[in-house]
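Protein chains: 2
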Amino acid sequence: MGGVTVLSGGVGAARFLRGLLRVVEPTGVTAVVNVGDDAVIHGLDVSPDLDTITYTLAGAIDPDRGWGLSGETWRAMEQVRRYAAHAGIGEHDEVGNDAAGWFSLGDLDLGTHLYRTSRRRAGASLSEVTVEVASTWGLRLRLLPVSDDPVRTVLHDTAGRRLSFQEYFVRDRHEVEIAGVEVDGADHARPAPGVIEAIRDADAVVVAPSNPAVSIGPVLAVPGVRDAVEAARDRTVAVSPIVGGAALKGPADRLLRELGHRADVVGVARWYASLASVLVIDRVDEVLAAEVEAEGMRCVVTDTVMATPGVDAALARTCLDAVGAAT
Amino acid sequence: MGGVTVLSGGVGAARFLRGLLRVVEPTGVTAVVNVGDDAVIHGLDVSPDLDTITYTLAGAIDPDRGWGLSGETWRAMEQVRRYAAHAGIGEHDEVGNDAAGWFSLGDLDLGTHLYRTSRRRAGASLSEVTVEVASTWGLRLRLLPVSDDPVRTVLHDTAGRRLSFQEYFVRDRHEVEIAGVEVDGADHARPAPGVIEAIRDADAVVVAPSNPAVSIGPVLAVPGVRDAVEAARDRTVAVSPIVGGAALKGPADRLLRELGHRADVVGVARWYASLASVLVIDRVDEVLAAEVEAEGMRCVVTDTVMATPGVDAALARTCLDAVGAAT
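Protein chains in written order, with my numbering: chain A, 20 to 346; chain B, 20 to 346.
Think of the hints as simulated: they come from the structure by calculation, not from any bench. No experiment lies behind these values; they were computed from the predicted model shown. Some clues are possibly wrong.
So, partial list: chain B residues that the calculated Cβ filter (under 7 Å) puts toward chain A [what the hints assert, rightly or not]:
#, residue
1, Leu-63
2, Arg-94
3, Gln-98
4, Asp-117
5, Ala-118
6, Asp-126
7, Leu-129
8, Tyr-134
9, Arg-138
10, Arg-281
Built from N, CA and C at the ideal position, the CB exists for glycine as well.
With the rest of the complex left out, here is chain A (with noise of 0.2 Å):
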């Protein structure tokens, strides 16, 4: 079958698509999705990572944001929020806290976590939603969740708390210290129809710039998608999120520092090492490529940051040149 198949977070996997589709045709590219940030939140499925990916090939996304769709309104949060002051309610109240409208669903993007919980409720899978959703977006590309079975990355505090990855990164703006990360359902997930196949028939697969723990770890614990990349490492190519010790975006540095690792494109390379036989790290770590190759990777030097127009498909260009894909 051939084609590309990228693993994918939300938003840097959203930036990097949106370059790979400039560059090969988008039949021939497959996203393998985290869906470890799904939530239910007051009762309807939010996707967030599915949805930023959908949104941002749409050309909808916000670009000042990074997340949510453009021209969107809050009204229904607005009122939300105004029931919550009025009863008191706060963030950190109670079970069920989402109550308090900390979890941010604009008018529009509703719609689709409308959509997609009548349409779960009714027995289509995570995978046919996702299908209807992007295809009504006008994708061409496949978009598929690692699984259709409920898989949810949970974080362990300091403090000992349990936290939903949204708890910590929406809730908690990750400004708690995590002590470790799991991903609850995992062990007992199959992975959605067509996910292993797009893994072991891709020319090249390509592990995107997202958080390596909180995002690929999700997609990675699905059984037999570990075991599908390593076969295919020899064509995998995986994209630094840390540039100059820093995430872009999010909190991959902090994180990757409290769970023990070097917050830099070497700790990355041990982390990917046994899955991708390549690294493509940014300009600004030059005088770590060494390093990384030491880690038994080959490591390509590019412009990773994709604010920049060009940068996207430039890098998807190196990516799949990296593991001898055709453009």
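Given chain A, work out where chain B should sit, using these hints.
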């Protein structure tokens, strides 16, 4: 304790309550509200009658539609329908066809359902959430769902289908022929805290001009409620929702006929004779007053159509006078 307790459905009851609050102290009014119309739509807990009353009494109801909020926007639903149209999902396709978007939830109104759903998932009862929502809107009467347990009106059509109230009323625009009505869950439901006392201790009990079969019926079906109203029969007055042989709103007339009842004030009198000592009917039905009294109820004739300003308050005063309660 005294006060006035009103057995309530949606629109008609809301208008009656608005008038009542002009003639008695709000803190002396308790509305015991139907929950048989409640539904889970797109995964959200929707309580149409409670919300119609809240929005009406807050002066926030859309005056043209008669339901939902004025100044409402529909961005979320438009997005839902975009997905459904693209996926070819129709209103009658399968279980879970709310994905088609036939139940219109406005963006601001969604805030109410999102909040309610979060609170209930966190363990709050419907009664508790109802207090939180009503007091946020500045309401001072006591608004009680008849039960915190699931009580659901189910309609059987002549084609042998089981329909939820919203499927019948909204999706099918009450254009199907009904063979029977039952109230699922009523046998095991408990009255919400305060419901029985509010009926037992009231100076006056009013059966609001709501659909006897599908609004008041489910209220009476909760164990203990019918007995409490019958015990208060001397102090109980019903307002006919049928005027000139037709329902002012909704399918009450047609439904009464389909269920084998007369669709006029005499039919209403038969329905309520064991519960209320007085039936208030509109002047257009004056000719039937003697027939109403033959059913064993005292008949009071007045203006009952609350579209005209002032009629609501006068109607409330007439009801209280009819059972000797002070205003």
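Evaluation of the provided hints:
Taken as an interface hint, B/Leu-63 checks out: its beta carbon lies about 6 Å from the nearest beta carbon of chain A, inside 7 Å. For B/Arg-94, the shortest C-beta to C-beta distance to chain A is roughly 4 Å, which falls under 7 Å, so the interface hint holds. Because the smallest distance between the Cβ of B/Gln-98 and any Cβ of chain A comes to about 2 Å, under 7 Å, the interface hint for this residue holds. A cut of 7 Å between beta carbons decides the hint on B/Asp-117: the least distance to chain A is about 5 Å, and the hint holds.
Given hint, B/Ala-118 at the interface with chain A, holds; its Cβ is 4 Å from that chain's nearest Cβ, closer than 7 Å. For the restraint placing B/Asp-126 at the interface with chain A, the shortest Cβ-Cβ distance is roughly 4 Å, inside the 7 Å limit, so the hint holds. For B/Leu-129, the shortest C-beta to C-beta distance to chain A is roughly 4 Å, which falls under 7 Å, so the interface hint holds. The interface hint given for B/Tyr-134 holds, since its Cβ lies 4 Å from the closest Cβ of chain A, which is under the 7 Å cut-off.
A least Cβ separation of about 5 Å between B/Arg-138 and chain A falls short of the 7 Å threshold, and the interface hint therefore holds. Among the interface hints, the one on B/Arg-281 is violated; its C-beta lies about 40 Å from the nearest C-beta in chain A, farther than the 7 Å criterion.
The structure fails hint 10 only (numbered hints given earlier).
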